[in-house]
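Q: Okay, here's what each chain looks like letter by letter:
2 protein chains.
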Amino acid sequence: MSKSVPDKYAETTVSSQPIFQGKVISLQVDTVTLPNGQTATREIVKHPGAVAVLALVDDRLLVVEQYRKPMDKTLIEIPAGKLEPGEDPVEAAQRELEEETGYRCKTLKPLCSFYTSPGFADELLYIYVADELEKGRAQLDEDEFLDCMSITLEQAQQYIREGRIGDAKTITAVYAWQLYKLTGGF
Amino acid sequence: MSKSVPDKYAETTVSSQPIFQGKVISLQVDTVTLPNGQTATREIVKHPGAVAVLALVDDRLLVVEQYRKPMDKTLIEIPAGKLEPGEDPVEAAQRELEEETGYRCKTLKPLCSFYTSPGFADELLYIYVADELEKGRAQLDEDEFLDCMSITLEQAQQYIREGRIGDAKTITAVYAWQLYKLTGGF
Chain A
6 MSKSVPDKYA ETTVSSQPIF QGKVISLQVD TVTLPNGQTA TREIVKHPGA VAVLALVDDR
66 LLVVEQYRKP MDKTLIEIPA GKLEPGEDPV EAAQRELEEE TGYRCKTLKP LCSFYTSPGF
126 ADELLYIYVA DELEKGRAQL DEDEFLDCMS ITLEQAQQYI REGRIGDAKT ITAVYAWQLY
186 KLTGGF
Chain B
6 MSKSVPDKYA ETTVSSQPIF QGKVISLQVD TVTLPNGQTA TREIVKHPGA VAVLALVDDR
66 LLVVEQYRKP MDKTLIEIPA GKLEPGEDPV EAAQRELEEE TGYRCKTLKP LCSFYTSPGF
126 ADELLYIYVA DELEKGRAQL DEDEFLDCMS ITLEQAQQYI REGRIGDAKT ITAVYAWQLY
186 KLTGGF
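If you're matching them up, the sequences are chains A and B in order.
When we follow the numbering used here, the leftmost residue of the first sequence carries the number 6, and every step to the right adds one.
When we follow the numbering used here, the leftmost residue of the second sequence carries the number 6, and every step to the right adds one.
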């Protein structure tokens, strides 16, 4: 995404204090000068970015059910994964789809991309629509435990009401799927 | 959201190391036992949760343009803000809407709620649809700098293409708005 407007409210970094460097995220606290000349601190999580795939097989959405430690809860989500440093998002999306669901796809079309939580994190998530799917074999990472299934739009909407589907990328995918059914295009 | 399925892949916490306690977020690294008996670490950001408002005035969406330090970039977003500890999300949404746009609303209808990034953060964001809007006066926080404007659906879609709109809650709101125009209901 390019900078298309001048950042008239841009904050100038006075100093940046590294707090933590983990396997997935890092955390820093920046001291900034505000447009009014005052200073403030900003708690910033750096994340390598992620990809997710909206994949339909016979009008059913491929999803995975997995435990998420931050919420201590199992969620049903579209297949997704972190980007490796420097990795092409399309290749990452194809890899994650095949690892988690066993399905290979020939083409991936960009649906949208978004910052998941722009107030405190720089994570950018790319969602692709998979086309021409063919069944292969799932190969999960050693520390990855999940169940793959396919669900109808009605099931997806029911799972949203029940809170079993409840993350940004999957809610977005379900809205896009609804629109697709109404308009015929992603 | 309730736990509706048994967490058969649940991870057991062995230990939890607090790393950082900030004004907005905190960070901890948990050591967990995986379903296969091995151990792993989980980097977890705790966040108080947030609210956002989809507010239409004469078929135009109220948005705010503001600088976001994590990306060093200005984004156009629907009005939003963090929850104060123990705060009712509906009251928070009414407060943020009025502070940022000057509009008061009598009723707020839940649109959806989602975890913004379930892999590393517990942030839950509630989106409401505002109804019966009346113009008041914006009152920004002392360290809040933003411009409020209203845009058409076509502008919103153009801004998404240009990357000026590019966060999870606003993309979701624009999809919901498109669906509303096609089906007549949120």
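Hints listed in this document are in silico derivations from the structure and should not be mistaken for laboratory results.
Some hints could be false.
If several chains are the same, the list does not tell them apart, and a pair holds so long as it fits within one copy or across any two.
As the list claims (entries may be wrong) - Heads up, simulated EDC-like pairs for lysine to aspartate or glutamate below, C-alpha to C-alpha not over 16 Å straight-line:
id: 1; residue 1: Lys28; residue 2: Glu167
id: 2; residue 1: Lys74; residue 2: Glu149
id: 3; residue 1: Lys74; residue 2: Asp35
id: 4; residue 1: Lys87; residue 2: Glu159
id: 5; residue 1: Lys111; residue 2: Asp77
id: 6; residue 1: Lys87; residue 2: Glu149
id: 7; residue 1: Lys74; residue 2: Asp136
id: 8; residue 1: Lys111; residue 2: Glu149
id: 9; residue 1: Lys28; residue 2: Asp63
id: 10; residue 1: Lys51; residue 2: Asp12
id: 11; residue 1: Lys13; residue 2: Asp77
id: 12; residue 1: Lys111; residue 2: Glu139
id: 13; residue 1: Lys13; residue 2: Asp148
id: 14; residue 1: Lys114; residue 2: Asp93
id: 15; residue 1: Lys13; residue 2: Glu103
id: 16; residue 1: Lys13; residue 2: Glu149
Computed from a prediction, not measured in an experiment: that's the story for all the values here.
Q: If a hint holds in the structure, say so; if it does not, say that too.
A: Hints and how they fare:
Taking identical chains as interchangeable, the C-alpha atoms of Lys28 and Glu167 are never at most 16 Å apart, the minima being 33 Å within one chain and 32 Å between chains. In the homo-oligomer, the alpha carbons of Lys74 and Glu149 lie at most 16 Å apart inside one protomer (12 Å), although the nearest pairing across protomers, at 33 Å, exceeds that limit. In this assembly of identical chains, Lys74 and Asp35 lie within 16 Å of each other by CA distance solely across copies; the values are 9 Å between and 27 Å within a copy. Taking the shortest Cα distances, Lys87 and Glu159 never come within 16 Å of each other, neither inside one copy (29 Å) nor across copies (32 Å).
For a Cα distance limit of 16 Å, the shortest separation of Lys111 from Asp77 qualifies neither inside one copy, at 35 Å, nor across copies, at 35 Å. Taking CA atoms no more than 16 Å apart as the test, Lys87 paired with Glu149 passes inside one copy only; the shortest distance there is 13 Å, against 32 Å between copies. Proximity of Lys74 to Asp136 under the C-alpha cut-off of 16 Å is found in neither arrangement, the shortest distances being 31 Å within a copy and 36 Å between copies. Taking the shortest Cα distances, Lys111 and Glu149 never come within 16 Å of each other, neither inside one copy (25 Å) nor across copies (46 Å).
With identical chains, the CA atoms of Lys28 and Asp63 are never at most 16 Å apart, being 38 Å at best within one copy and 48 Å at best between copies. Taking identical chains as interchangeable, the C-alpha atoms of Lys51 and Asp12 are never at most 16 Å apart, the minima being 21 Å within one chain and 29 Å between chains. Proximity of Lys13 and Asp77 under a CA criterion of 16 Å is satisfied inter-copy only: 12 Å between copies versus 41 Å inside one chain copy. In this assembly of identical chains, the alpha carbons of Lys111 and Glu139 lie at most 16 Å apart only when taken from the same copy (8 Å versus 51 Å across copies).
For the homomeric pair Lys13 and Asp148, the shortest alpha-carbon distance between copies (14 Å) is at most 16 Å, but the shortest distance inside one copy (45 Å) is not. For the homomeric pair Lys114 and Asp93, the shortest alpha-carbon distance inside one copy (14 Å) is at most 16 Å, but the shortest distance between copies (40 Å) is not. Proximity of Lys13 to Glu103 under the C-alpha cut-off of 16 Å is found in neither arrangement, the shortest distances being 44 Å within a copy and 23 Å between copies. Within a single copy, Lys13 and Glu149 get their C-alpha atoms only as close as 44 Å, which misses the 16 Å cut-off; across copies the closest is 13 Å, which meets it.
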